[in-house]
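Peer 1: Next come the chains, spelled out residue by residue.
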Amino acid sequence: MSRDYDYTIEAPIIEQNPSHSHINDAIARPLETKPTWKYYLALGISTSMLLFGVVCWGYTFYYGIGMWGNNQPIGWAFDIVNFVFWIGIGHAGTLISAILFLLRQRWRTGIARFAEAMTIFAVITAGLFPLFHVGRPWLAGYLFPLPNQHHLWINFTSPLIWDVFAVSTYLTVSFVFWYIGLIPDFAMLRDRTTNKFKKTIYSILSFGWRHSNRHWHHYEMLYLVLAGFATPLVLSVHTIVSFDFAVSILPGWHTTIFPPYFVAGAVFSGFGMVQNVLIIIRKVFDLEHIITIDTLEKMNKVILATGMMVGYAYAIEFFIAWYSGNQFESFVFINRALGNYAWAYWVMVSCNVVFTQLFWFKKIRRSIIPMFIIGVLVNVGMWFERFVIVVTTLSKDFLPTNWASYIPTLYDTGILIGSFGLFFTLVILFIRTMPVVSISEVKGVVEIFKKQH
Amino acid sequence: MEDKRYWKFFDELQDTAKSEKLKQEEFPEGLKSDKGFEQTQGINRRKFLALTASTAAIFATACSDYRDKGSIVPYNQQPENIQIGKPNFYASTCTSCLNHCGILIKTREGRPLKIDGNPDHPINKGKICPIGQASILNLYHPERLRKPLKKNGKSFNELNWNTLFTEILASLEKASNNGKIVAILSQPIFSPTFVKLIYMFQAKYPTTKVYTYSYLESYSKEQAWEEFYPKAKLSEFDFSRANVILAIESNFLANEGNFVRNIQDFVSKRDINRPNEFSRFYSVETDLSLTGANADYRIPLKADFHYEFLATLLNELLKRDLNYNRAIVEKIQGKFSRFNLEDFASKAGVDIKLVRNLIDDLIQNKGKTAVIAGDSHFYEVHLLCLLINEVLGNSSIYRICPQPSLPKSKLFEIEELVTLMNQGKVGVLFNLDTNPVFHFPSDLGFENALSKVESVVSFVEFESETANRSHYIVPISHNFESWGDYYDGIGLFSTIQPVIEPLFGTYQKEDFLLSLVQNKLERGIYHKYLKSNWQESYFSQEKYAVDFEKFWHSVLHDGTFELKQTLINDYTPNFELFDKIEHRFGTKDWVLVIKKPYFIGDGKFLNNGWLNELPHPITKVTWDNYAGISQSDANRLGLKNGDIVELGYGKSKLEIPIFVVPGIPSSSVVIEAGFGRKESGIVAENVGFYVGKILQFETTKKGYIFEKISLNKINKSYQIATTVEHHSLNDTFYSELHKKRHIIQEGLLEDYKNGKYHIHRPHELKSIVPEIKYTDVKWAMVIDMNKCVGCGACIMACNVENNIPVVGKDQVLRSREMQWIRVDTYFSGTAENPEVSFQTMLCQHCDDAPCENVCPVVATVHSSDGLNLMVYNRCVGTRYCSNNCPYKVRRFNFFDFRSHFKNGLLYKDTYKLANNPEVTVRSRGVMEKCTFCIQRITEARHQAIAENKPLRGNGVRTACQEACPANAITFGDMNDKESELYQLRNHKLGYYVLEELNVKPNVTYIAKLRNKKSEVGA
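In order, the protein sequence lines correspond to chains S and C.
For the first sequence, our numbering gives the first residue as 73, with consecutive numbering after it.
For the second sequence, our numbering gives the first residue as 6, with consecutive numbering after it.
Simulated from the structure, these hints should not be mistaken for lab results.
Even for Gly, the Cβ is constructed at its ideal location relative to N, Cα and C.
Heads up, a few of these hints could be off.
Calculated Cβ distances over 10 angstroms to all of chain C for the following chain S residues [claimed, not checked]:
| hint | residue |
| --- | --- |
| 1 | Thr-108 |
| 2 | Trp-129 |
| 3 | Phe-247 |
| 4 | Phe-269 |
| 5 | His-290 |
| 6 | Val-297 |
| 7 | Thr-303 |
| 8 | Pro-331 |
| 9 | Lys-355 |
| 10 | Ala-377 |
| 11 | Glu-389 |
| 12 | Val-421 |
| 13 | Ser-439 |
| 14 | Thr-473 |
| 15 | Phe-492 |
| 16 | Thr-497 |
Over 12 angstroms on every C-beta distance to chain C, these chain S residues come out as not near it, computed from the model [to be verified]:
| hint | residue |
| --- | --- |
| 17 | Lys-110 |
| 18 | Phe-216 |
| 19 | Asn-285 |
| 20 | Leu-305 |
| 21 | Val-319 |
| 22 | Trp-432 |
| 23 | Ile-441 |
| 24 | Ile-500 |
Examples of chain C residues lying across from chain S (beta carbon under 7 angstroms, computed) [to be verified]:
| hint | residue |
| --- | --- |
| 25 | Val-729 |
| 26 | Asp-829 |
| 27 | Pro-855 |
| 28 | Asn-858 |
| 29 | Val-881 |
| 30 | Thr-883 |
| 31 | Arg-884 |
| 32 | Ser-887 |
| 33 | Asn-888 |
| 34 | Asn-889 |
| 35 | Pro-891 |
| 36 | Phe-899 |
| 37 | Phe-900 |
| 38 | Arg-929 |
Between the sequences and the hints, there should be enough to build the whole structure, so can you do that?
Peer 2: Okay, structure coming up:
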C-alpha cells in the first residue's frame, strides 16, 4: 500500500471505491428499512431522559428557580453551564461544513452533514436554557426587540442581548446551510422511494430539484456563498457567549483572553462530540468505508490542537493573575486550583489537557476505543470547564461575607440529563428520516470518479 | 423677531375655507368612507376588522385569570383625621420587653404598619430595638388565639365569652370561699393603674397572691445591690459619662438594661468630631457578645475566673492612691491581699500588661469609670463590681433604674408557690401572658404542680406550653389593641393606646380582670378606669390650666408625661458584707454560660419569622441556638460546626449542636436560652434547643453560670443555617481578607489625633465614558463605623418598611435570605482573641453601576437623583445584575417566598395586613434590592411640590437611618453643601468599599478608630 508511505498523494477519502448506486444504497438504507428493536431501545432511553428533564423543568416553571441549587451569590450555575456547553457542542458542525469547505478539506464530506445536524440540535438545546433559566420564563419575550406601546426597549449594552442575536443568527444560518445541502439528497430519495406518502414529503422538501446542470451550478454557488457567510459566525457565537463573562467586572470572568479561549474550547468539545457519535453511527449503519478511520484521525488531530490551545489559555490565565498584581484576580485563580471546588478544576485540566496528549500517538489516534474514551473525557472536561468558570468565580468574589457554596439539586441534574435526552432524541430521529451523510458530496470524492476526469 | 408664516400648499397661503377644513381633518377626502361606521350596511372590511378585534378582546379577557380578588369598599363617611394615603402616627408604649420604650405607631387607613421610637420619649429618644419593630408581625399573626378555649380531656373546646366569664367567676368565688389561694403570675408590672386594679381584685378575692418574675433573672444583681447599698434604689450606669468602661460578661449594648439607651449613650463618646472624648472600653467575657465585639480591648476569660480577676484588680487598685477612707481600704485589703496580679495572670493566661493598663486607666479616670457585670453573673461578682465602683467613686455616674410598680418576687417565693400548688392550696392560677412551664428549669416541677391546681386560666395571645396545660385559655388583645400606662417609679409616665380595633374580638387582660371584679364582662371598661385613675392620681395633684380631657389627650398625643421630682439616692455602702464573702476560684473544668437571646425575648418571639431570620450579630446563625465553643476545643475533640454534643450537669443531660465561636476561651460552653419551644405554633417548629432540660432551679438562684459541666461528643449532627460562610481564622488564605482588600479600614485613635492615620485611597481612576453630572438633588448615605455597634435594628426596620418576606431555615441554608441590608461581621487576629469589625452593607447606588449595563431588558436603571432603581414589572430574572454586583446586595425571589414559607403562612388572612402599601410586594422570579426608601423620597418630593419649595435632602430619612439607635447612618443630598451628609462624605476618614473598581458608590464609610494604646495590644 503505497499511500501509507507516499505523502505526496492524498489518501482517498472514501475507501473501497464504491459505485454511485452503492453509495445511494448504503446511505439511504436506514431510511428505507424498518428500524430494529435496538433503534426503539435507543429512542426509548433518550426520550425517557427527555421526559425526566421536562418534568424537572415543569416543577421549576411552576415553583420557581428555587428548585435549583442557585443562590445568592451564585445566580448562574447548571443553567448557564449547560447553555455554554451545548453552544460549544454546536460549534463543530459549521466549522466542518463551512470553514473546512472553504479550505478545501475534502475529507469533511463524510462527516459534514452529520456534524451540521448536530450543530442545529445542540443550538436548539442550548437555546432553551437562556429562556428557561430566567425567573419569569413567561416574560422571556422581553429579551427580544418587540415594539410595544410602552416604548420599552432592550438594552443593547447587555451581553445577554448580544447572545440573543448571536445564537438566533447562528441557528438560522446553520439551518439554511444544512437545508440547502440536503436538497439534492431529498431529490434522490424522492426518486428512489415507491411509497406515495414519502414521495410527497420528499417532493416538497426537495423544492423541485431535477439534478439539472443549472441547478447544480446555482447550488454550488449558493453553497459557497453560505459557507462564506457562516464562517465568521463560527467565531462570533462563542466570542459573544464569552462576553457574557468577559464584559462583567468579576475577577475570573473579566478577562480579555476569553473570546479565543472560548472558541477553541467550543471547537474542541464539538469535535469530541461529533467524533463520539460518528463512531457509533458508522458502526451501526456499516458506513466504515465512507466515514473512514482516516477522517477520524484528522478529527483527533483537531482535538489535540484545540486541546492544547485551551491548555495554553489555562496557563495564561494564571500568569496574568499573577502578573497583573490584582489581588482579587490572583485569589480567584488560586482558589480555583486549591479551594473547595479544586476537584472540578483538576477534572477539567486532566480531561482537557492531560488525556488528549495521548493523541500524539498515531496508534491511539487510529484506534476506536481509546479515541472514543478520550472523546467522552473531552466533553466531561469541557462541561467542568464551564462549571469552574461560572460557579467557582461566583462563589467567592469581592466581599468575603458574600461567599457561599453551590450544591446542585435533583432538578438541576434532571434538566442536564433532559438536555442530553433532547439532543439524542433529535439525533436518533434524524438518522431515520434524513441521510446522515451527504450522498451527492460523497459521490464527488470517490477516487474512481475523480480519475475519469 | 419677525413672525414668519409657513405654508404647505397654495390654498393655505391663500387661506381659503377648504384649507382650514383640510387642516382639521386627519385624512383627506377619498381616503375614508363617507359614511359613519354605524350607517354601513352588511359586513364590510372595516366592520369585519372591528368585530374581530372586539371578539378577540372579549375572549382574551374572558380567558385571562382576572378574577375578582375581593371587593373594595370605600369609606361611606370619611372618618375624622384620616386622609386616604396619608399615614397617621400615634404615640404608645412598647411592651415587648420590660424596658417599655416609647413608640410611634404609623397607621394607614386605620391599619398599624410600622413601629418606630417616639422621638419625644426621654429614654429611647426615637429609637427602638428589632423586637419592638417586629412586634407588628405578632399583631397580625394568623396563629393568634381568637376564641376562648376550655380544656376537655386532652383537647380544647371553644366556648363563648360569657360562658367563659361565668365559669371563671364561679371558680374564683369557689376558691375564695374555700380559702384557697388565687395566684396571679405575671411579668414584673410597671403599670400603676394595673397595680390599682390588682389591689381591687385582692380586695374582692382576699386570698389573691401576685407573683411576678422575668425570664433568665437570677436576682443576684438585685441582691448584691440591696445588700451593698441598703438605702439606695437599684441604679445603672450612664455610659455617656463614663470615660473607661469595664464590662464583665455584660451585654449592655444588646439585651441588658435599656440597651437602646445604652447604645446611644455609649456611641455619644465615639464621635469622630470630638476625638478627645472617646471612651475606652474593656470587656472581660466568656462569650463573644455584641458588647464585647465593640470593646477596644477584649479579654477572653472563662466565667469562673471572673471573680478572681475582679479581686486581683481590686487588690491592685487598693495599692494605689484612691483617696478613699483609709480604714476601710485597709480592712478590704486584708481580705483581698492574697489575689496577686502576677500569679493570676500566669494562672488565667491574661496579658499582664493589659491589666496594668486597665488599672492605670481606672485610676486616671476615677469617678468616671464604669465597672459592670452581666445580669446573669454570680452574686459575688456583682458585689465586687459594686465595691470597685465604690472605691473609685463611680456612684456619680449612676442613674436610677426603672422601678416596678409592684416589687418583683424573689425566686424563693416562686418556689413557695410551687409548693403551695403541690399541696393543693391553690384554687385558681391566673397566668397573665407568661410561660412558667417553659421558663423555669424542668426540675422545679412547675408542669406537674399545675395539674394540682383546680383551675388554671391562661391569658395569652398565642398557645404556649403553659396555656396548653391550663383549664381555660383566654385570648387577649395585642398591645396595639389595648389601653394601658407605664410608670418607671422615678417620674416618667408613658401611655399605651390602641391603634386598631381588636382584630379577633379579643379582650385585653385588664378588661377581663376588671370585669371579674365588677361581676360583669364589659369591653372597654379598663379604658374608663384608666382615665379616672389618671384624673384622680395625677391630674388632680397638680394645678393645670386645662380640663382633664385636654390634659389626657395631650398626654396621649405625646405618649409621655414627666413628673418633676428630685431624685436622691443614698449610696451608703455596707462594707460588713465582705467579712463573710466567699472567694471563688477558677478551675480547669468546663463551664456553661447561659445567655439571654438577642432577638426572641423570653421565647415569646420565637414564632416571629422576622426575628428568627435576623442573623445573630456575631455568628450570623439564624433559626437556631447552639453551644458555642472555642476553636481549640473543637479541634481537640474533633468537632465541627453542627456536630451534636451531650452536655451533662449533675444528672441532667442536653443534646445540642456546637458552633465554633471565635474568642471563646477553652473549656467554656455558651448557650443562648429561649429556644426549643415545642408548643408555640408552626413558625417556631424545630427552632433551636431547649436549655431548661439541663438547668437546675437551685443553681439559677445564684446566677446563670454552671460549673463542672461534662461535654461528650456523640455521633450525630445537625444543620445550622448561617448567612455567611465560616472560615477558620488560622487559614492564612482566607484570613484578614477584609483588611487586605481595604473593605474594612480602621486605625488607632491615637494616630488619628496625631494626624498619622491615613486612609487607603487608590490612585485617581478615569472612566472611558463621559461622567454624568448630577446638578440637582443627589442622594447619598454615610455609615459611621465608629458608631455602628452591629445591633441589627436597621435590618428589621428595612424588613418592616419594605415588605421583606421570611424565607425560612431551608432557604437560609441555601443562602437565599432576602434582607436588603445586612451587617457584615469580620474577624481579624487570632481565633482565641479576635478583633471584630462590623460593616453595614446595602446597595451602594453606584454612579457607574455594574448591574445596570448588563440587564438585557433595562429593568435596572439610574434616576436623575442618583438612585439605582429596580423596575419589577420589567424584570425577567436573568440574575446577571446580581452576578455583576461586587457587593452582592441584590436579592432574587427564587420562589414566591410568601407562599413557600410554611405553606403560604405569610399569605394567610391577617398577615397580609402587615404589608406596607407604599412598597410593591415582589413576585417570584424578580430581582430586588435596597431602594434608599424611594417611597419616602417620593413622598418628600410630593410634599415639596405641594408647598412649592425646592426638595431638600435633609427632610428624608430612610427606614434604617430612622431605626439606628446609634445614629450611625446619615442620609441626604450630597449636593447640599450645608448638610451633615456633605460634611461626613468629605470627611478625611471617609472611604468607599472596593473603591478601586471605580463604580463610584454613593455610600461612604467612616473608618473605625480604636481607642487603644499603640504600645499595648494594638
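Peer 1: All hints, please: hold or fail.
Peer 2: Verification of the supplied hints:
1. The non-interface label for Thr-108 (chain S) is consistent with chain C: the shortest C-beta to C-beta separation is roughly 45 angstroms, beyond 10 angstroms.
2. The Cβ of Trp-129 (chain S) lies farther than 10 angstroms from every Cβ of chain C, with a closest approach of about 14 angstroms, so its non-interface assignment holds.
3. The beta carbon of Phe-247 (chain S) is kept farther than 10 angstroms from every beta carbon of chain C, the shortest such distance being approximately 24 angstroms.
4. For Phe-269 (chain S), the non-interface assignment is confirmed: its Cβ lies about 37 angstroms from the closest Cβ of chain C, beyond the 10 angstroms cut-off.
5. No beta-carbon of chain C comes within 10 angstroms of the beta-carbon of His-290 (chain S); the shortest separation is about 40 angstroms.
6. Non-interface call for Val-297 (chain S) relative to chain C: holds, since the shortest CB-CB distance, roughly 32 angstroms, exceeds 10 angstroms.
7. Taking the minimum C-beta to C-beta distance to chain C, about 27 angstroms, the non-interface status of Thr-303 (chain S) holds against the 10 angstroms cut.
8. Distance check on Pro-331 (chain S): its Cβ is at least 17 angstroms (rounded) from any Cβ of chain C, clearing the 10 angstroms threshold; non-interface status holds.
9. Under the 10 angstroms C-beta cut-off, the non-interface status given to Lys-355 (chain S) relative to chain C holds; the minimum distance is some 42 angstroms.
10. Every CB of chain C is more than 10 angstroms from the CB of Ala-377 (chain S) (nearest about 33 angstroms), matching its label as outside the interface.
11. With 10 angstroms as the threshold on Cβ separation, the claim that Glu-389 (chain S) sits away from chain C holds: the shortest Cβ distance comes to roughly 19 angstroms.
12. Val-421 (chain S), annotated as away from the interface, keeps every beta carbon of chain C farther than 10 angstroms; the closest lies near 20 angstroms.
13. The claim that Ser-439 (chain S) lies off the interface holds: its Cβ sits roughly 44 angstroms from the closest Cβ of chain C, which is beyond the 10 angstroms cut-off.
14. Not every beta carbon of chain C lies more than 10 angstroms from that of Thr-473 (chain S), the smallest distance being close to 4 angstroms; the non-interface claim is violated.
15. Chain C leaves Phe-492 (chain S) outside its interface by the beta-carbon criterion, the shortest separation being 24 angstroms against a cut-off of 10 angstroms.
16. At roughly 28 angstroms from the closest C-beta of chain C, the C-beta of Thr-497 (chain S) stays outside 10 angstroms, upholding its exclusion from the interface.
17. The Cβ of Lys-110 (chain S) lies farther than 12 angstroms from every Cβ of chain C, with a closest approach of about 42 angstroms, so its non-interface assignment holds.
18. With a least beta-carbon separation of about 10 angstroms from chain C, Phe-216 (chain S) fails to lie farther than 12 angstroms from that chain, contradicting its non-interface assignment.
19. With 12 angstroms as the threshold on Cβ separation, the claim that Asn-285 (chain S) sits away from chain C holds: the shortest Cβ distance comes to roughly 49 angstroms.
20. Annotated as non-interface, Leu-305 (chain S) keeps its C-beta farther than 12 angstroms from every C-beta of chain C; the closest such distance is 21 angstroms.
21. With a minimum CB-CB distance of about 7 angstroms to chain C, Val-319 (chain S) fails to clear the 12 angstroms threshold, and the non-interface call is violated.
22. Non-interface status of Trp-432 (chain S) relative to chain C is upheld: no Cβ of that chain comes within 12 angstroms, the nearest being about 37 angstroms off.
23. Listed as outside the interface, Ile-441 (chain S) is consistent with that label: its C-beta sits roughly 41 angstroms from the nearest C-beta of chain C, beyond the 12 angstroms cut-off.
24. Consistency note on Ile-500 (chain S): stated as away from chain C, and its beta-carbon is indeed over 12 angstroms from all of that chain's, at 33 angstroms minimum.
25. Here the hint on Val-729 (chain C) is kept, as its CB sits about 5 angstroms from the closest CB of chain S, short of 7 angstroms.
26. A least Cβ separation of about 4 angstroms between Asp-829 (chain C) and chain S falls short of the 7 angstroms threshold, and the interface hint therefore holds.
27. Annotation: Pro-855 (chain C) was flagged as interfacial toward chain S, and the flag holds, the nearest CB pair being 5 angstroms apart, inside 7 angstroms.
28. Taking 7 angstroms as the C-beta cut-off, the interface hint given for Asn-858 (chain C) holds, the closest approach to chain S being about 5 angstroms.
29. For the restraint placing Val-881 (chain C) at the interface with chain S, the shortest Cβ-Cβ distance is roughly 5 angstroms, inside the 7 angstroms limit, so the hint holds.
30. Because the beta carbon of Thr-883 (chain C) sits about 5 angstroms from the nearest beta carbon in chain S, less than 7 angstroms, this interface hint is met.
31. The interface hint given for Arg-884 (chain C) holds, since its Cβ lies 3 angstroms from the closest Cβ of chain S, which is under the 7 angstroms cut-off.
32. Satisfaction of the interface hint for Ser-887 (chain C) is found here, the shortest Cβ-Cβ separation to chain S being roughly 5 angstroms, below the 7 angstroms cut-off.
33. Restraint check, Asn-888 (chain C) versus chain S: the minimum CB separation of about 5 angstroms is within 7 angstroms; hint holds.
34. Hint status for Asn-889 (chain C) relative to chain S: holds, with the closest Cβ pair at about 5 angstroms, below 7 angstroms.
35. The interface hint given for Pro-891 (chain C) is met, as the beta carbon of that residue sits about 5 angstroms from the closest beta carbon of chain S, less than 7 angstroms.
36. Because the beta carbon of Phe-899 (chain C) sits about 3 angstroms from the nearest beta carbon in chain S, less than 7 angstroms, this interface hint is met.
37. Because the smallest distance between the Cβ of Phe-900 (chain C) and any Cβ of chain S comes to about 4 angstroms, under 7 angstroms, the interface hint for this residue holds.
38. A distance limit of 7 angstroms between C-beta atoms decides the matter here; for Arg-929 (chain C) the minimum to chain S is near 5 angstroms, and the interface restraint holds.
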